[in-house]
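Visitor: Residues per chain are reported as follows:
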Amino acid sequence: MSNRLPTGGRVDRSAPLRFTFDGVEYTGLRGDTLASALLANGVLTVGPSLYRERPRGIVTAGVDDPHALVQLERPHSEPMQLATTVELCDGLAAISLQGRGRLDEAPDEARYDKSYLHSDVLVVGGGPAGLAAALTAGRSGARVVLVDDQPELGGALLGGGREAIDGRPALTWVAEVRAELDAQPETRVLTRATAIGYHDQNYVLVAERRPDLPGGGGRLWHFRARQVVLATGAHERPLVFAGNDRPGVMSAAAVRSYLNRHAVLPGRRAVVFTTGDSAYATALELAAAGAAVPALVDTRPEPPAALVEAAGAAGIEVLTGSVVVGTEGEARLTGVRISALADDGSELTGPVRELACDLLAVCGGWSPAVHLWSMSRGTVRYDEQLAAFVPDSAAQAVRAVGSGRGRHDLAGCLSEGLTAGAEAATAAGFPVTAPVVPSCSGDEQPAPPRPVWLVPGEEGDPSTWRDHFVDAQRDATVADVHRAIRAGMRSVEHIKRYTTIGTAHDQGKSCGVAAIGVIAQLLGARSPGDVGTTTYRGPYVPVSFALLAGRERGPLFDPVRTTPVHPWHVRRGAVFENVGQWQRPHYYPRPGEDMDTAVWRECRAAREGVAMMDASTLGKIDVVGPDAGVFLDRLYTNGFAKLPVGSARYGVMCRADGMVFDDGVTVRLAPEHYYLTTTTGNAAAVLDWMEEWLQTEWPELRVRCTSVTEQWTTVAVVGPRSREVLAALAPGLDVSNEAFPFMTVRHTELANGVPARICRISFSGELAYEINVASWYGLAVWEAVLAYGAHAGITPYGTETMHVLRAEKGYPIVGQDTDGTVTPQDLGMAWIVARHKDFVGKRSFDRPDTSRADRKHLVGLLPVDRSELLPEGAQLVAPGADLAAVPVDPLGHVTSSYRSAALGRTFALALVRGGRDRIGDTVLAPLADGRTITATITEPVLFDPKGTRRDG
Amino acid sequence: MLLIACPWCGERDETEYHYGGQAHVAHPADPAALTDAEWGEYLFVRANPKGDFAERWLHSAGCRRWFNVVRHTVTHDITAVYPAGQARPDAHTEVTA
Amino acid sequence: MPDQLPEHPDWLWRTPDPKPSYDVVVVGAGGHGLATAHYLARNHGITNVAVLERGWLAGGNMARNTTIIRSNYLCEESAAIYEHALKLWEGLPEELEYDFLFSQRGVLNLAHTLQDVREGRRRVGANRLGGVDAEWLDPDEVRAFCPIVNTSPDVRHPVLGATLQPRAGIAKHDHVAWALARKADSHGVDLIQNCEVTGFVRDSHGAVVGVETSRGRIAAGRVALAAAGHTSTLTDLLGLRLPLQSHPLQALVSELLEPVHPTVVMSNHVHVYVSQAHKGELVMGAGIDSYNGYGQRGSFHQIEHQMAAALELFPIFARAHVLRTWGGIVDVTPDASPIIGPTPVENLYLNCGWGTGGFKATPASGWVYADTIAHGRPHPLAAPFGLERFTTGALIDEHGAAAVAH
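Residue numbers (the working numbering), protein chains in the order written: chain A, 1 to 952; chain B, 1 to 97; chain C, 1 to 406.
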């Protein structure tokens, strides 16, 4: 059966498109939506309802349809798409859904972009009011953007036919406006672009569909507009009566749109049921298209005489002061029951009359689409005359126009749009006056509607009206609302949650205000205005996770930072570890080696020969200025002002609460130039910290801080034979212990001509150097070190070996052996806390909790079984603790744990309550697998406690 | 996404900035002279008004300067932007010629 | 046919007018205020109680959270109170005679770095010592438990393991509130909505003896604040300054989808927490906004980043759709732990600062708060959470425990 009219509509009859729905093949036309194509093929029924499995049909022609949810399978897979908004394309395949979609495991190959644009005037909505606003604003020379969610501009005019502007079809005017907008150099028009959110400071998000892209990608626009004009139109409301969910009950405006825009006649014998004027056009156009229209049921006792006359002339009987009280049929409407309604709406007064029909076109009134207005924090008020919530006071630089604020005649919409466009452009700094409003016909100011929020049932009372659907998608009825109120609920928010009304896929676009009307009536409120709306939340239409994620996926989710030496690490087969955003070599396995074996070998090289590490990820900050030393004195717990030029010093920084924040070595390069290093993960935070204190507390200090992390490549050369490697690498440098002592810095030119800054510092207890060179020489210098060290078997090592070496020496890692609750004293570093100067955090050490003797201290742990490795993170308890008697008092936990080649055994570092007073005690580590490891508490420095290896 | 006017760079999106909490909380001149309660208050207690709030922002992805903003914590309307170190301008004082 | 939600009871609560005087006035009819009223009556026989609510009952964070319930906190003090909550949750549907869809489907906290692994193992060990169920899963076990998590080693932040608390889960938040409200109401507690506290009545010694409200003065033996993000606006009226900052926190739901996600997954590192509710919608939390805010809305870039993070872990979510976003106001303390107990103002009690942990704590929060109010001293589980810790420095630092970095 074809419901396609032979002529008319904005469809291309030369372009038939094949598609399938629930496996059945059909043909549609370019210009169709999936819904219009289905209707053209006589398919009205979509999936059954979620809970009650009632048959449901297509209701509207837009984003507010409550039922027409489908699973798209081709051209791409996507759940919960509205047939009323899916543009038909050749080969499309979809299946019906019962209110729930299905996620597809196949990868999403589509492309999603984000764009950011500032505009002077943003106009949302390309109907007559929005077009008029964009036109005048654009003539001012302002940067104007017009967005509309349809493939073509025109808004409600696309679904009309009788409207005329300046004596010509309204769509001719639309085409002329579009042409003028396109010719304006500063105006941009976006179609298929739905404004989804309106945020503070006129930040409007627009989701643009890109069906032209493979996989159906999209673009998320972020508009920052000086002025906004909302011309968002209105949603036609359903009416609440028995059997109002039956397939064949449709929105009157949607019926008209299908007729005029898609040349589809959704029914052959139609009854129209309305509370106002607008559905008369539907009735007349249905009749003109060849449908039988036996009756138009108008709730108003006295509709405008001209409309009644026009209907009569078309052979349509107008039943005034009447309502549809019930529907007949199973999978499809076969008839309606009509009765007169008392003036106060409380009861049915006439005999019930039955009329056969296969279509009931319903207009329950119009609700301005105030969603974006409300999201902008504008207030709404209930207009008794319009029987609608309309925009009231604005909270941002925004104007609402047209049917989006309750204006329903074409001339009025144009007038409001032209004026608002001029005002918005002028306010944005582009003065312009609105042109004269053109003459309009075919869409006059309507007479007041007679809202009927709840059509009484023929039997029973509201507690039994289980087929009066309020939110049909949720299968929520008048009986459910009644039950919520009877349970004691009074707030619309509670009733919404109790009944789930308004929480479905359409978020109440179709039913929201009708539901408020029902609630008002059942609460005995004077009007829906006394009940109020629930909060409108974005997005205005559902948007895919992928669209919001944009390009931030895969490798672009979070940038990877690598050092200049990285390609070498990759070639060498390093296993990498993520440290902050950096990728660092964790260890360099040789063929057949696991991590333990590789780390064992790397450690031995560092302790017995020579090894090298890429330390470039360390944060590096140049601190320059006459007050640099004073400044560092205030931030570090120890002193730097008196550090001699050419010397280096280890420092610890605390937060104001006294907890260790960062540590590192700082070198004084010149009287007013310090070169400070930070932990890899904290580099940015330390720079922020320093700048914060400088700018907000001590602006009088003459200091500048500059991040130079990526300007320098740092190669650590470590081990007893490091001096001979350096001697070869830096032939101009006297590397003797006397000429280049521990904790000093030297500048030299390496054998390959590269200038280098070499620090003699050690994070392993071994003789060691850190060679700093400009980053662009980094890889070359790394390879040079490797070459000059080859004869000594120089061995590259990764972060794991670095950790073992430093832990053997009891050096803590901030963020591993500390967790934001550890003071320098807890780490056993009271020696680094200056007594005779103040610094950030010092006062905190004197608080009762921070001065406790039994705080957790960093100690060493030696498992009694020398081969048993304590898992990092393992909890520690006292010997004899009854593990079954929870809660068990924990003594602390393991922070670092390794196998040590140098010690020939396993060892660990731990934070233990009162740990320094427990040296020599035994603790237990109960593990998740049921084992318990016994260990002895020791001093944290386990290897070379006297520091004899430092000088080689 | 707030729009914040950096005094040095002009209007930029919130994502270019870091938030710094309440403005005008000076580090005590002599912490050692404070009681534990007073020090605790400096460390942890900040105003949390529902209304206009003088707060600090850092233009971290721009000029890296700290500055102060008076922002309403409900509407997010920004009524004053001024450099660090300046007193909070009184929104209620009329400028007279 | 998809699961229909359980029927609500035919009767919930009265809508009484305020009486001139109550033994206890609880300010805030959110989950914590309602649970407090319930346990004041049930455990202490104190029924001359009003719960005052400036808006609609349970319309604040109770209506806005992501409904996750777990007790696997790091610090012993926190784990103890949250575990008390979890045990109460396990009996609460029966106690309140209300099926609020408490589903113990487990919570995974993913580890993405070696430090995450250390911290995860530390938490598992601490939890087990504290009597909290906790397991460590390797990536294969993660995949077996939740097959849609992308455990490929080739992603930007590979999953290196996870902690699992099997007894953790979700519940239907509104229904929990209504269950508590119904029970409190049946004990005789007056739940008074649309009643905003605008001031405090104090006697000549400064003790609080009542509240001024939008519906008149109400005398009170004790006043117990349970006002979450609005606590400091109330204590400001008393000149009592608190270490609290109110921030926007956003969340979102998708449309209804066929079951695909069997558990709750949280990732601090990638910033995701997501579950699939009974009806089928994905429920997901976004990041906390950096700035103070009372607007119940946050900045949208948080949502965009949240979606990117979600797809990093769950590629199958790419074509799911965001149906609705919203914002709540979380009151955050410097150590990300709550403040519970008496205050320097006589007769005034404080329960706030739950940050992102409020919903899961609901029954225990009410339990210990009611006990604290009834006896005028902190309940043992509440004792570590007093205001004085900000003077002594004995903070309970839980920054690692919340999925949202404070």
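FYI, nobody ran anything at the bench for these hints, they're computed from the structure.
All figures in this text were calculated on a predicted structure; none of them were measured in a lab.
Where a beta carbon is used, it is the ideal one built from N, C-alpha and C, also for glycine.
Careful: at least some of the hints might be erroneous.
To be verified - Sample of chain A residues at the chain B side, in silico, Cβ under 7 Å:
1) Ser-2
2) Tyr-203
3) Pro-699
4) Glu-700
5) Thr-706
6) Arg-843
7) Arg-847
8) Asp-849
9) Ser-851
10) Ala-853
11) Asp-854
Unchecked claim - Simulated DEER-style distance windows between Cβ atoms:
12) C:Glu-258 <-> B:Pro-7: 22 to 30 Å
13) A:Asp-929 <-> C:Pro-9: 44 to 52 Å
14) C:Gly-131 <-> A:Asp-596: 30 to 38 Å
15) B:Glu-11 <-> A:Gly-524: 44 to 52 Å
Visitor: None of the hints should be skipped; say for each whether it holds.
Guide: Structure-based check of all given hints:
no.: 1; hint: Ser-2; verdict: violated (50 Å)
no.: 2; hint: Tyr-203; verdict: holds (5 Å)
no.: 3; hint: Pro-699; verdict: holds (6 Å)
no.: 4; hint: Glu-700; verdict: violated (10 Å)
no.: 5; hint: Thr-706; verdict: violated (10 Å)
no.: 6; hint: Arg-843; verdict: holds (3 Å)
no.: 7; hint: Arg-847; verdict: holds (5 Å)
no.: 8; hint: Asp-849; verdict: violated (10 Å)
no.: 9; hint: Ser-851; verdict: violated (10 Å)
no.: 10; hint: Ala-853; verdict: violated (17 Å)
no.: 11; hint: Asp-854; verdict: violated (19 Å)
no.: 12; hint: C:Glu-258 <-> B:Pro-7: 22 to 30 Å; verdict: violated (53 Å)
no.: 13; hint: A:Asp-929 <-> C:Pro-9: 44 to 52 Å; verdict: holds (47 Å)
no.: 14; hint: C:Gly-131 <-> A:Asp-596: 30 to 38 Å; verdict: holds (34 Å)
no.: 15; hint: B:Glu-11 <-> A:Gly-524: 44 to 52 Å; verdict: holds (51 Å)
Consistency with the previously given hints fails for numbers 1, 4, 5, 8, 9, 10, 11 and 12, ordered from lowest to highest.
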